[in-house]
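Participant: Below are the chains, spelled out letter by letter.
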Amino acid sequence: MTNPRTLVADGFKQAALGAAALVALAPTVFMIVTALKPQSEYMVNKVGLPREPVLEHFRAVLGSPEFFRWMGNSALLVTGTVLLSTAVAALAAYAIARMEFRGRLTLLALCTALMAVPPVVMVVPLFVLYTQIGLISSYHGAILIYAALVTPFSVYLLTTFFRTIPAEMFEAAVLDGAGDFQILTRIVLPLALPALLTLVIVNALWVWNDLLIAVIFLQDDAKRTLMAGIAVFQGRYNNQIPLTMAGMAVASAPMIILYIIFQRQFVRGLMAGAVK
Amino acid sequence: MTRLKPYLYVAPLVLLLGFVFGTSLVRMFEFSFKMIRGVDGPWIGWRNYRLVLNQPLFWESVGHNLQLLLAIPILIGLSLLTALLLYERLRGWTLWRAVLFLPYVLAIPIIAVVMKQMFQFNGPVNEVLRWLSLDFMALDWIGSPDIALWTVMGLIVWREAALGTILFLARLLSLDESLVEAARIEGANWWQRAWHILIPQMRGVIEFFSVICVITMLSAVFAYVYILGGGRGGPGTSTMVIELYIYNALTRQSLPGIAAAVSVMLFVVSLGLIYLLFVVRRRQDD
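Line by line, the protein sequences are chains A and B. For the record, in the first sequence the residue sitting at position 60 is 60 according to my numbering, with numbers rising by one throughout. Positions in the second sequence are counted from 1; adding 1000 to them yields my numbering.
Quick caveat, the hints were computed from the structure, so don't treat them as lab data. In this text the structure is predicted, and so the values were computed from the model without any measurement. Virtual Cβ for every residue (Gly too), placed ideally from N, Cα, C.
If we take Cβ atoms under 10 Å as the criterion, some of the chain A residues that face chain B in the derived model are:
1. Tyr94
2. Met99
3. Val123
4. Leu144
5. Ala148
6. Leu205
7. Leu212
8. Ser252
So the derived label-pair ranges between C-beta atoms look like this:
9. A:Pro50 x B:Asp1146: 33 to 43 Å
10. A:Gly103 x B:Trp1043: 27 to 37 Å
11. B:Asn1189 x A:Ser64: 56 to 66 Å
12. B:Val1279 x A:Val232: 37 to 47 Å
Can you make the complete structure from the sequences, with help from the hints?
Facilitator: Right, here's the structure in full:
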């Protein structure tokens, strides 16, 4: 059935995709391979595989308490932001999708507009405000900023999803005597689980990967996030490239592992979150 | 009670957004007309703006952001090509898709640190180029002021193309396949099918992605530049961008008034782009 011409054409297409995949993978491969080389070997062998792989760099990174502190700080900010923004967004989205009140559409339009405001624009007034009320280098201060930056998109996504839930489900629940809050927590949220998972991934990834807010609002050494820590780490070990790469491999491991497990949700989430 | 209930549900949202955005947007305008020392200062009219607009470094930063816009056609072309290749759904395409999306999963600071080492003058990339006898291409990617910004551009293309590919592919997979099938039966080759049938139907998503790219290039490249340029937009000022200009004015020089003036200008430009995004999205939905 397949004629030789299609076969050749398919071969070219596969080769093109293979080349693109190679470019996409190269930095990750370089990072891991280099981390396994002794310092002396990297000086003479920058491209090839390690002759005798060593784990000393990984051991050094995993043995340093600061790396885990940075990760812990990032995890704390991610958890706080995701919990706060999901709760706030779920309540608001439920009201916007299911209740009649004045300003409903204005609120939704406002959220859609705020989605596209670049974070850097908000930095100056917030910095002055936070200096004034003493919230610089505080976790809750940073969580409030992160939450405000990711919540508009969350409201938008959840409202869209809540509107797709058939009205009969609500009518049945009302007949059973359920109140709005019960309907939200017992019926709507369980149904919205895929959308919620997508949302958690987008928001978590956004906070975890952020550098701008982190370097401005968490300047205290003890409060430093992983991404801000990386900037310090690479400057400190400027010439110890295998060690630096081991640090980067450890720092990227959580996201790569999550990506492999939740690939579908990651792709869906990042596509949805592209607007931000 | 029932009339108040909706407001109770949206109150947390209004409070949160009000706290972070509400006063901030107003105060940003206010600060841009003041000489702020610490948290407040005297009104000085347009002086901050005049100062900024007369400073060569500001214009250089703006120029760099504009130069980054040049990458967008390449970015869209590459994303379109990979998406169309994936759409053929040849054997193993889901694996290719997973690998091609990886750049977008990795955090920008991490990838910037890795790339910075790969592109050192005596680094692995140049070593491979020399091995291929392409010595003339073995440039000082990070250390030369003439080249550094192009390297930043390359890194942005490398990462954002992953997003473009997935966005375009999602659109392709949602298209009605009967047209493509008909063309295939008529004997149209891959290129003809792509150019005459698929790409015209993707106009909406291409426009949408273009606007996202413009927003990214003008206001979301801080993390790339901060790492590759050693926190200072280096070498020299060759990778200085607007975001870094605001960051420097705010935290290093403690001139919030100046930073606010630049923020206001960036905000006004962003508003225009956001409006464009709405228009484009509405058209895509129709």
